[in-house]
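Colleague: Given chain E, work out where chains R and L should sit, using these hints.
Residue numbers (numbering that gives the first Met the number 0), protein chains in the order written: chain E, 0 to 229; chain R, 0 to 229; chain L, 0 to 229.
FYI, nobody ran anything at the bench for these hints, they're computed from the structure. Take the hints with a grain of salt, since some may be wrong.
Stated by the list, open to error - In silico lysine-lysine, DSBU-like type, Cα no more than 35 angstroms apart, as pairs:
| no. | chain 1 | residue 1 | chain 2 | residue 2 |
| --- | --- | --- | --- | --- |
| 1 | L | K56 | E | K117 |
| 2 | E | K89 | R | K146 |
| 3 | L | K146 | E | K89 |
| 4 | R | K195 | E | K114 |
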Amino acid sequence: MGMWPEGLQMDQEILLDAGAQLHRLKMFPYFDIAHYILMICEVRDDLASSAGLFSRKHPLSCWLSSMLMCFADSFLANFLLGEPVIAPFKRHDDILLATIVWYLVFYAPFDGVYKLSKVLPVKCVLSVMKEVKRAYKVTHGVSHAAKLYPSSYIVQILVGTAKGAGSGILKTVEQLVRGVWLPNHNEALRPTFATKACLVASIILSLEKNSVYITAPHDIVYLVSIFCIF
Amino acid sequence: MGMWPEGLQMDQEILLDAGAQLHRLKMFPYFDIAHYILMICEVRDDLASSAGLFSRKHPLSCWLSSMLMCFADSFLANFLLGEPVIAPFKRHDDILLATIVWYLVFYAPFDGVYKLSKVLPVKCVLSVMKEVKRAYKVTHGVSHAAKLYPSSYIVQILVGTAKGAGSGILKTVEQLVRGVWLPNHNEALRPTFATKACLVASIILSLEKNSVYITAPHDIVYLVSIFCIF
Amino acid sequence: MGMWPEGLQMDQEILLDAGAQLHRLKMFPYFDIAHYILMICEVRDDLASSAGLFSRKHPLSCWLSSMLMCFADSFLANFLLGEPVIAPFKRHDDILLATIVWYLVFYAPFDGVYKLSKVLPVKCVLSVMKEVKRAYKVTHGVSHAAKLYPSSYIVQILVGTAKGAGSGILKTVEQLVRGVWLPNHNEALRPTFATKACLVASIILSLEKNSVYITAPHDIVYLVSIFCIF
Chain E
0 MGMWPEGLQM
10 DQEILLDAGA
20 QLHRLKMFPY
30 FDIAHYILMI
40 CEVRDDLASS
50 AGLFSRKHPL
60 SCWLSSMLMC
70 FADSFLANFL
80 LGEPVIAPFK
90 RHDDILLATI
100 VWYLVFYAPF
110 DGVYKLSKVL
120 PVKCVLSVMK
130 EVKRAYKVTH
140 GVSHAAKLYP
150 SSYIVQILVG
160 TAKGAGSGIL
170 KTVEQLVRGV
180 WLPNHNEALR
190 PTFATKACLV
200 ASIILSLEKN
210 SVYITAPHDI
220 VYLVSIFCIF
Chain R
0 MGMWPEGLQM
10 DQEILLDAGA
20 QLHRLKMFPY
30 FDIAHYILMI
40 CEVRDDLASS
50 AGLFSRKHPL
60 SCWLSSMLMC
70 FADSFLANFL
80 LGEPVIAPFK
90 RHDDILLATI
100 VWYLVFYAPF
110 DGVYKLSKVL
120 PVKCVLSVMK
130 EVKRAYKVTH
140 GVSHAAKLYP
150 SSYIVQILVG
160 TAKGAGSGIL
170 KTVEQLVRGV
180 WLPNHNEALR
190 PTFATKACLV
200 ASIILSLEKN
210 SVYITAPHDI
220 VYLVSIFCIF
Chain L
0 MGMWPEGLQM
10 DQEILLDAGA
20 QLHRLKMFPY
30 FDIAHYILMI
40 CEVRDDLASS
50 AGLFSRKHPL
60 SCWLSSMLMC
70 FADSFLANFL
80 LGEPVIAPFK
90 RHDDILLATI
100 VWYLVFYAPF
110 DGVYKLSKVL
120 PVKCVLSVMK
130 EVKRAYKVTH
140 GVSHAAKLYP
150 SSYIVQILVG
160 TAKGAGSGIL
170 KTVEQLVRGV
180 WLPNHNEALR
190 PTFATKACLV
200 ASIILSLEKN
210 SVYITAPHDI
220 VYLVSIFCIF
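Here chain E stands alone, though its shape is the one from the complex:
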């Protein structure tokens, strides 16, 4: 490191610092709220004009499909790793928070929360926060899988992708809970940009975990994988 010119070293220190700060950000509750709002708005957008009627006639189905989308990453990763599928319901504060967000998005007076989340600057901030949370989830997915299966790159990559892009993959199931069945619109068929980015980030992080090809400091790798996702 000492061999580098002064300017580059400064840059690297700034980068290291930014990566470290992002890595140690507390997700709960602000980033979680942003994630829940965007996820539940997606459910609502999917219902389109029937959202008002549906949320009043089938509140259970509406709540269940919103929860499925909010915690899709955990459901999918737990299913793949053979852990209890129901585990996300253990974290009472997360469920409560998501339920409050769900209530506000669907039933707030004058549709305030939903309309506010569609205002461009608000939407941008929410999206950035959501993507930061996504990067956080991918990193944790890869780490968790690496603990269970230390030398299985493919498992680590798949779990990382599942953690990051779970909501896209579980969308087919979520639509089924709402009585909608669109088998020819699944994520494997037409992966969105987010899914592809999660795949790339998972590959980078998994290679770094097994420290074969990448030897940069972890915080910089984390930063790079965030840039992939953006």
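Modeller: Frame of chain E; chains R and L shown alone:
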């Protein structure tokens, strides 16, 4: 208790006694038989006029979907809790009993068993027995989940509901085994009364397990949760 | 054995020897390659005339559904036994081999590999190798289940069948990954001959494991169960 007037105390003792007796009822084999008969009749009713032909042309599919309905509660609870899905097939006597009932309902001479189960007084007795078994299953579901996740009310409530109303929730899968796909008729969309009752009973039992709000004797709580289900 | 006439004893020794040799055959890589080629050709046949376009437009979906078919037995058995569904992805060499086969079947120049596998003598050899591998999987499924559930015949039979006929049962899921949904073409509805043979072989092997009715040497039982499958 000593402060209560004589009459009330008598009443409470009768209630306690009734609750205790119901709680300690042996389910196997009479209540199980009632449950199996009604479940398999439901599969047969769902097949409507094609039941005769279907059960002769596709016996494997017919048997599998009957078993799925008979043990739906265990399949669903095991799936949610990350336990082996195949576990219900370990209990040989249950499977044998359900298979005998399945054979009699579908292939008995003169359709005797099926027609008998549709006679009103018989049907009433069977239904009462089935509901007693349902209450029993809800209690056991909540207890089992409480052992695994001591302070997670939501998990306990969901597992209790899954145990009580499993057949309704798995109906979509059961129909798929029979080659029928009705995505817009699921339990989350239009919960039946049984599902709602199981949800209420699960909430009562879960609150009692964590003994925060309910301090009545367990047998009375059990009795109340049975009344919810009826 | 000493009481048998000379000729019969010779025959039995030949049989024992053949069974033992088949039992101890190394599956990797030749038998595995045969299995992968036939499985992926099946996926390609299912796509029919759209195979060329589909494999170029949706490579992820194509790869995922090919892997699902190649490792269907493990996915299904792991799901039933409550083990991690993702476990087959731990074996890097198997996944790599299957991926290479997938690439060659779908993208080889002049469609060489696919067309070669359709030539009758080649197809016969591949099919025989695949069936030997199937018998091997059924035996291992029954043994594995017998280790976990020593006295549960039904579980052993079901896991054995799932191991042998997994690809048929998972076909509905595999088609879903490709955006095709054919609920009325499932294996429970119209079991193929392979599924029935796996069921019979599983029953024979399970009875032998619990050594109640069958006391012949294991290698002969293995040979008999292979003949069932052929």
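Colleague: Does each hint hold? Answer for all of them.
Modeller: Structure-based check of each hint:
Taking the CA atoms of K56 (chain L) and K117 (chain E), the gap is about 33 angstroms. The hint holds against a cut of 35 angstroms. A distance of roughly 13 angstroms separates the Cα atoms of K89 (chain E) and K146 (chain R); the hinted pair therefore holds under the 35 angstroms criterion. Between K146 (chain L) and K89 (chain E) the alpha-carbon distance is near 32 angstroms, which keeps this suggested pair within the 35 angstroms criterion. Taking the CA atoms of K195 (chain R) and K114 (chain E), the gap is near 33 angstroms; set against the 35 angstroms cutoff, the hint holds.
Checked against the numbered hints above, the structure violates none of them.
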